[in-house]
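Asks: Spelled out, the chains give:
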Amino acid sequence: MVEKLAIVIAMYNESDSIKNVLESLRNIRPDDTIIVVDDGSSDNCHSVASEVENIHLLRHINNMGQGAALQTGIEYAKRINMDYVVTYDADGQHDAEDIAPFLAEIQKGEYDIILGSRFMGKTVNMPKSKYYVLKLSILFGYMSSGLKLTDSHNGFRMINLNRFPDFEMQQNEMAHASEVLDIIRDNKLSYKEMPCTVIYTDYSKEKGQSIFNSINIILEYFIGKAH
Amino acid sequence: MYLFKLLLILIFTFALVVISFSDKYKIHKRLMIIGLYFLAVLLILVPSLADALAVRLSVEYGSDLVVYITIAILVVSVSVLYAKTQRQGRLNTKIIREFAIQDVIKT
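Order-wise, the sequence lines are chains A and B. If you read the first sequence in this note's numbering, its first letter stands for residue 1, the second for the next number, and so on. If you read the second sequence in this note's numbering, its first letter stands for residue 1001, the second for the next number, and so on.
What the hints contain is simulated information worked out from the structure, not anything from laboratory work.
Computed far set for chain B versus chain A, every beta-carbon distance over 12 Å:
no., residue
1, LEU1003
2, HIS1028
3, PHE1038
4, LEU1042
5, VAL1046
6, ALA1052
7, LEU1053
8, VAL1059
9, ILE1069
Listed next, the in silico EDC-like pairs over lysine to aspartate or glutamate satisfying Cα-Cα at most 16 Å (straight line):
no., chain 1, residue 1, chain 2, residue 2
10, B, LYS1094, A, GLU168
11, B, LYS1094, A, GLU173
12, B, LYS1094, A, GLU75
13, B, LYS1106, A, ASP32
14, A, LYS130, A, ASP202
15, A, LYS19, A, ASP43
16, A, LYS4, A, ASP31
17, B, LYS1106, A, GLU51
18, A, LYS188, A, GLU168
19, A, LYS78, A, ASP166
20, A, LYS78, B, GLU1098
21, B, LYS1106, A, GLU53
22, A, LYS148, A, GLU193
23, B, LYS1106, A, ASP31
We put the beta carbon where it would ideally sit given N, CA and C, even for glycine.
So here's chain B without its partners, still in its complex pose:
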């Protein structure tokens, strides 16, 4: 059981390190990521905290609360990533189009 908890904490720590070095985040984004990290670690170490929070938020069980939060974070993350991919795609199209126009061959 402890080994599994340790493994989960290691996974979260690895994700935090990867995210921290992958982009230049603004301070509020950095604080949000660190906050989420500590919340995840806290919920792993003290599961009863999730139950207490669940009662306050009118969710019956702590495990349900964790699932809801996880789904919400996943949906937001996927949406943000999708929007970024689309923006990047439009930019790529413009660049490729400009190259094509500049390099026109007249036979």
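Chain A with its partners taken away, still in its complex shape:
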């Protein structure tokens, strides 16, 4: 039986990048299911995405946050009986060529989740300030979850839905990335880090998280954990 992979993309006001991202994915991964969740965008990225053939396009009527949008895509992937899900950024930071080695590794059946690591892999044009913030967030991730990782807050991760169909993130906003580590720890999931590429373009740097927003993410994480 052929195992099925869904590529889940959360999209919010990405009309400038989404078409290129989807077309490049479609070319490199023609047989995979691409699920795009429009998180209540106010630009025309929904209609731009709908021009790309052979994708599943979902839409939140309100802006709920990246975590909520990814979870919607994952939930949909479960309902259409996907075996694996990879989460992928809409701003062109990730490299579709990284999907193949992740899929090959997870298909061996030893891991529930494989996390992408830009520090094991490659970064292109990463700002110095981002480097230090990420290193701090790795430390924060270790203190909060106890998991020793080389990267954190990397949106590129692959989940084995066959082994762990109950994967569910509760954090709607950016703190979902830290919550993933808690899910791994709390459910004693088998995990592995693998190298991946993160490309910082002017566009992705503009769209990405500011240093000050990192404080918000930490607050969000603790407030979210409190209930």
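Starting from the known structure of chain A, arrange chain B on it as the hints suggest.
Replies: Relative to chain A, chain B alone:
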């Protein structure tokens, strides 16, 4: 002075009316709200009562006691409201997610 006291009582009465008509409270909650209302009015009209209560509760001054009680009520109220907002938020997420899944477009 009397005008200020009257104004405070009016504010509390307004709050009581708004709360009474804003939700279907169970009897114990309704009694608690009415009780708090009368306690507030009583303390405004008879401030010495706060002093007497303060002595019984080992708090030095009546005004301190009023401040402590007010802070405690505020903290509890904010916590309850926050929990309700979060619960509502989770419910909204589920509803919006379900709508999104039902209305999927396959290009």
